[in-house]
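Engineer: Sequence:
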Amino acid sequence: MLTKLPQPVDAFFHAANGPDPDAFIANFTNNAILIDGAHEYSGINAIKEWSETDVFAAKVKYEVTNTVQRNQEIVVTARVDGNFDKTGLPDPLMLDHHFIIKEGKISRLTVQISKTSN
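Numbering (the working numbering), first residue to last: 4 to 121.
Because the hints were derived from the structure by calculation, they are not lab data.
Heads up, some of the hints might be wrong.
[To be verified] Cut-off 25 Å, straight-line C-alpha distance, at most; resulting in silico cross-link-like pairs (BS3-like, lysine-lysine):
hint, residue 1, residue 2
1, Lys118, Lys7
2, Lys118, Lys89
3, Lys7, Lys89
4, Lys64, Lys118
5, Lys62, Lys108
6, Lys108, Lys7
7, Lys89, Lys51
8, Lys89, Lys62
9, Lys64, Lys108
10, Lys51, Lys62
11, Lys7, Lys64
12, Lys51, Lys64
13, Lys108, Lys89
14, Lys7, Lys105
15, Lys105, Lys51
[As the list claims (entries may be wrong)] Quick list of the computed label-pair ranges, beta carbon to beta carbon:
hint, residue 1, residue 2, range
16, Thr6, Gly91, 28 to 36 Å
17, Glu106, Asn86, 17 to 25 Å
18, Thr90, Lys118, 29 to 37 Å
19, Asp13, Asn74, 13 to 21 Å
The C-beta atom is built at its ideal place from N, Cα and C for all residues, glycine as well.
Work out the full structure: start from the sequences and follow the hints.
Structural biologist: Below, the structure written as structure tokens:
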């Protein structure tokens, strides 16, 4: 387990929980790709729209429970809660966030239900 998250990853969770939408989006490269389930968001504007609806409007809160580094990827498992439809989702909802960092910013993020979820 990593004891300290890389700055843009730590800032991602801090800004999401803040909430601080401007600080949140500042952690991504302009051409970043975010994959959330079956949806892909390409570029900073698409990721900003995703964050406005799926993170900030839903008042999502993250509690980091585990972090590991796998080659170039930082994988952060977090307990996630908020005001969104939880029908069919595990309780508690644990999501794995697969970050790739380039030049100090998030260039790719894939979010999926953790294999550790019930």
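Engineer: If a hint holds in the structure, say so; if it doesn't, say that too.
Structural biologist: Each hint tested on the structure:
no., hint, in the structure
1, Lys118 / Lys7, "holds, 23 Å"
2, Lys118 / Lys89, "holds, 17 Å"
3, Lys7 / Lys89, "violated, 30 Å"
4, Lys64 / Lys118, "holds, 20 Å"
5, Lys62 / Lys108, "holds, 24 Å"
6, Lys108 / Lys7, "holds, 16 Å"
7, Lys89 / Lys51, "holds, 22 Å"
8, Lys89 / Lys62, "holds, 13 Å"
9, Lys64 / Lys108, "holds, 21 Å"
10, Lys51 / Lys62, "holds, 15 Å"
11, Lys7 / Lys64, "holds, 20 Å"
12, Lys51 / Lys64, "holds, 17 Å"
13, Lys108 / Lys89, "violated, 30 Å"
14, Lys7 / Lys105, "holds, 18 Å"
15, Lys105 / Lys51, "holds, 19 Å"
16, Thr6 / Gly91: 28 to 36 Å, "holds, 35 Å"
17, Glu106 / Asn86: 17 to 25 Å, "violated, 34 Å"
18, Thr90 / Lys118: 29 to 37 Å, "violated, 21 Å"
19, Asp13 / Asn74: 13 to 21 Å, "holds, 20 Å"
Going through the hint list in order, the structure does not satisfy hints 3, 13, 17 and 18.
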